[in-house]
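Based on the sequences and whatever the hints tell you, model everything.
Protein chains: 2
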Amino acid sequence: MYRTHTCGELRIEQAGTPVTLSGWVQTVRKFGSINFVDLRDRYGITQLLFNESLQAQLDAQPLGREFVIAVSGTVAARTSINKNIPTGDIEVIVTQYTILNAAKTPPFTIQDDTDGGDELRMKFRYLDLRRNLVKQNLELRYRVNRATRNFLDSRGFMEIETPFLIKSTPEGARDFVVPSRMNTNEFYALPQSPQTFKQLLMVSGYDRYFQVVKCFRDEDLRADRQPEFTQIDCEMSFVEQEDILNNFEDMLKYIFREIKGLEFPEAFPRMTFDDAMEYYGNDKPDIRFDMKLVNLTNTVKGHGFKVFDEAEVVLAINATGCAEYTRKQLDELTDWVKRPQIGMSGLIYARVGADGSVKSSVDKFFDETQLKTWATLTNAQPGDLILVVAGREEKTRKAASELRLEMGERLGLRDKNVFKPLWVIDFPLFEYAEEEKRWVARHHPFTSPKPEHIALMDDLSRYAEIKANAYDIVLNGTEVGGGSIRIFQRPLQEKMFAALGMSPEEAQHKFGFLLGAFEYGAPPHGGIAFGLDRLCALLGGSDTIRDFIAFPKNNSGRDVMLDAPSAIDEAQLNELKIDLVRAPKA
Amino acid sequence: MYRTHTCGELRIEQAGTPVTLSGWVQTVRKFGSINFVDLRDRYGITQLLFNESLQAQLDAQPLGREFVIAVSGTVAARTSINKNIPTGDIEVIVTQYTILNAAKTPPFTIQDDTDGGDELRMKFRYLDLRRNLVKQNLELRYRVNRATRNFLDSRGFMEIETPFLIKSTPEGARDFVVPSRMNTNEFYALPQSPQTFKQLLMVSGYDRYFQVVKCFRDEDLRADRQPEFTQIDCEMSFVEQEDILNNFEDMLKYIFREIKGLEFPEAFPRMTFDDAMEYYGNDKPDIRFDMKLVNLTNTVKGHGFKVFDEAEVVLAINATGCAEYTRKQLDELTDWVKRPQIGMSGLIYARVGADGSVKSSVDKFFDETQLKTWATLTNAQPGDLILVVAGREEKTRKAASELRLEMGERLGLRDKNVFKPLWVIDFPLFEYAEEEKRWVARHHPFTSPKPEHIALMDDLSRYAEIKANAYDIVLNGTEVGGGSIRIFQRPLQEKMFAALGMSPEEAQHKFGFLLGAFEYGAPPHGGIAFGLDRLCALLGGSDTIRDFIAFPKNNSGRDVMLDAPSAIDEAQLNELKIDLVRAPKA
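For the protein sequence lines, the chains are A and B, in the order given.
Read left to right, the first sequence gives residues -12 to 573 (our numbering).
Read left to right, the second sequence gives residues -12 to 573 (our numbering).
Simulated from the structure, these hints should not be mistaken for laboratory data.
Note that the coordinates shown come from a computational prediction; the quantities given were computed from them, not determined experimentally.
Do not rely on the hints blindly, as some may be mistaken.
[As the list claims (entries may be wrong)] Within a straight-line C-alpha distance of at most 27 Å, the following computed BS3-like cross-link-like pairs (lysine-lysine) qualify: (1) Lys91/A / Lys240/B; (2) Lys201/A / Lys122/B; (3) Lys564/A / Lys271/B; (4) Lys201/B / Lys122/A; (5) Lys70/A / Lys315/A; (6) Lys271/A / Lys201/A; (7) Lys271/A / Lys70/A; (8) Lys564/A / Lys201/B; (9) Lys315/A / Lys359/A; (10) Lys247/A / Lys288/A; (11) Lys271/A / Lys315/A; (12) Lys564/B / Lys122/B; (13) Lys201/A / Lys201/B; (14) Lys564/B / Lys201/A; (15) Lys271/B / Lys407/B; (16) Lys91/B / Lys482/A.
Have a look at this one:
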């Protein structure tokens, strides 16, 4: 037997008990003739005392860090109590021990502030996973997963597994495909989400479905995107938007309570997509702080300042309490908005002095009365700083949004321990894809338009006005979930496919099974999916989802530990009847 | 709002309550001026009464089967009570209703004994899933899943997700591969199991891991194999075989209790692989009945009966109480053992009469004294029938095993409501692959040999003798799980790879990450994986796992509902830099 107890379990009450422990050698210290070893396992650390009688054995093969050993001995009260750990009252007086496995010196220190770089820690991920920080992240993930299941089970949701080897229906993101050996020259696709399956389950009468499920998207990886990711995928029948919002708000409240011990007695605030764009410049507002965008366009035009006069929009934010910003700080902020990612030509500012006077970087064009209007509109008080950007609508709104977030960050208003959820509702049904020069579904082609907007689908010029029964749940400025009430009638689904430029034949080829299903008694239904990786990262106070995935891939989609993807045998290619198109030799 | 209650919820206590229900029209019956509708949802069936005032609306669009409707009305006591359903005391007097979606006539009846053939029901799987039988299967699956999680959570197991896009390491079954677009000419593989990842998690100190996880094998599909299937995958550190067996025996007992209300107060029986082969002719004995194989080889040789004299082995079973089998029945059994799948040249039998006399089909060669020895050896009593097969060892043992199962079936000894679990232990480490002319791992290359047999690995001639720390859990003659204590030291793992004919370079290329991990403090560990599909099928009393999978594939690996796999666009092939090798035109 390798152990009678874990390394996190023994207390002073067990003094005198003979025990066997197994674990990893965290540290070895020698005081006189006594060796002390901290033995670690998943559950904690226990101090071991090796007395003189074991010295010969220790000399023969000294214990090193990360050695795996099993020890037998007796629990004893400890002279120097360690109040920092639950086992700090005791130690185990070792009478015999076995080295189960030796260990080489790890390539980086296995500590919270490790000296290992990203790439090295990914290569030796199995060692990185030993670090307490990473372990806590994976434990949090498991607890979120468990809380989610417990909640959904209590509400009558049933987990149903949907297939991974499905059909490729390119629309939206790129599919990963899997060549079929048994069906030559044909391919499966890995699911981007179980969307159509969960809808079919509603048609089948399962009423409340969920699944914690891997999804796959072959996209060019931006920072912190993974080719495989996990969704909490849910669907309900006979519901309206309000039912979904209420049910999943309850779920998030349950998770906050279970994981963070936080209570949210009030309903989560809701904001329309249009308001989110107007006041925050994006569809996932971080409402941990105010600092709304204020539209100064009408106020500032016609004063001879060319930047404003030529702008489609002029937007301001009130950086509260920043009137004392130095010239250097303001120059630096100006450089910040001029970076290519933001792309503004400059930054205009106005300081509100202690006496209420307003001084701006464009005093030449605006007198104090005019500037005071800026202050009134932005609700700037003495001591505040008004920051203004101007230019083309979309770019400027995005820049103002980024500037707001940056100022929020600088002012310490984005505390990772504060959680502000927000429902964003009334999303547009379509968005215009500039590259493809066509309207695409903003959410996906199964999202229903607001009933009163269905008629607008006959008029291409009014597509931008059509709103959908679609909603996102945003947490601290990050979208953690989204969903919609679905189309459930064949004629409307056909209209939708047609609106997206699909011919009836193409629609039938790709989604014939769904159109067919809608003819055999499909109930009204809707659902939502949460990004588990992202949700865990936020709850864990991190920006990087990679920290919450046991074996993540790097930004090139590689698993550097496995060295995957990799070349496969010619025999495998032959069986699959595929050839590689190799890059021509230079 | 679509409903205030479900169709399974209303009781006599709610008489007089105004309610709204939604669901599917199960049946419509007309009595005089009254229309009765049975309305169905996931939770039950409620009778609706449409009185005369709604007749005009009903006439305008008659309700058909599987129409989806919402009705409002009042709960009333029912005159003709239906004791078969929980809502049978009441009906709802409908005052208004809406057709939410019409339905075409389904292509087969949505009933337990449907008139739909396999292929048709697979094509319209979303309708097949409406059948009560299928719904109960998926509910059972969810309950098994939930019970498993609850048990493992209570024992400190943590679910950790492992990746799906991994590295192809052909060994054992064929991998499904996924071409990488970002890493040209390279491929991911889909996991056949998370084996190496769970071992790495043990190296990382996670101590107790589980995952309910999809696995993939590109095998030629035999009946009732699926290319994707679900495992309950588990691993523990600092354990010996005994710990694993005890822990997962507890898990199965918990599942039996939760799902079937069955108690197993005794420990599950255990049998060595050698005994299983000796007494049952296979490694997964169905011990719901006895009828062990009895080896008559030494007894029957040398009596001039050529079939026995030339046989490697002669095996008998005692078909209890079958002495009265007619000539016709025995001829039929003889034909049965001569079928190509069984491949025996004939069947010998001996009847034990009421008076204890024994008459055989080979009386010419064996006198009554000799036949009485057969009866003694097989423990045949008056009224019993001894069945004997003879031939080459492997084939005959398999035939005897099949014959035993067939007789068990005919005698009604294989009751689907009786559950007899069995641990089979001490499996061989290797088995000889005739086609490849080499020794392969019987379980997988990470299984540890019995310590006392490690030395035999240096002698190829003794490979067959080497036993592994490997075990299967068998339920009613079906393997539902299996596992092993793993190798956790690099030298032994290298020795194992070498024994399997892998060069050090190949071992390093394929499994370098694991060999590396073993050098940094790997603990002793072991685990087990259960086939969830199979376990559910057994618990549900079915032979076909397909019945317990929401969207299964057919025997050609096709999803006939989706029509997958299918051809993909040239654009997709171009992006992936692969060409199809098309069959030459005839």
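Hint by hint, here is what the structure shows:
no. : hint                : result
1   : Lys91/A / Lys240/B  : violated (42 Å)
2   : Lys201/A / Lys122/B : holds (24 Å)
3   : Lys564/A / Lys271/B : violated (37 Å)
4   : Lys201/B / Lys122/A : holds (24 Å)
5   : Lys70/A / Lys315/A  : violated (48 Å)
6   : Lys271/A / Lys201/A : holds (24 Å)
7   : Lys271/A / Lys70/A  : violated (44 Å)
8   : Lys564/A / Lys201/B : holds (26 Å)
9   : Lys315/A / Lys359/A : holds (25 Å)
10  : Lys247/A / Lys288/A : violated (49 Å)
11  : Lys271/A / Lys315/A : violated (31 Å)
12  : Lys564/B / Lys122/B : violated (43 Å)
13  : Lys201/A / Lys201/B : holds (10 Å)
14  : Lys564/B / Lys201/A : holds (26 Å)
15  : Lys271/B / Lys407/B : holds (11 Å)
16  : Lys91/B / Lys482/A  : holds (20 Å)
Violated hints, in rising order: 1, 3, 5, 7, 10, 11 and 12; the structure is consistent with all others.
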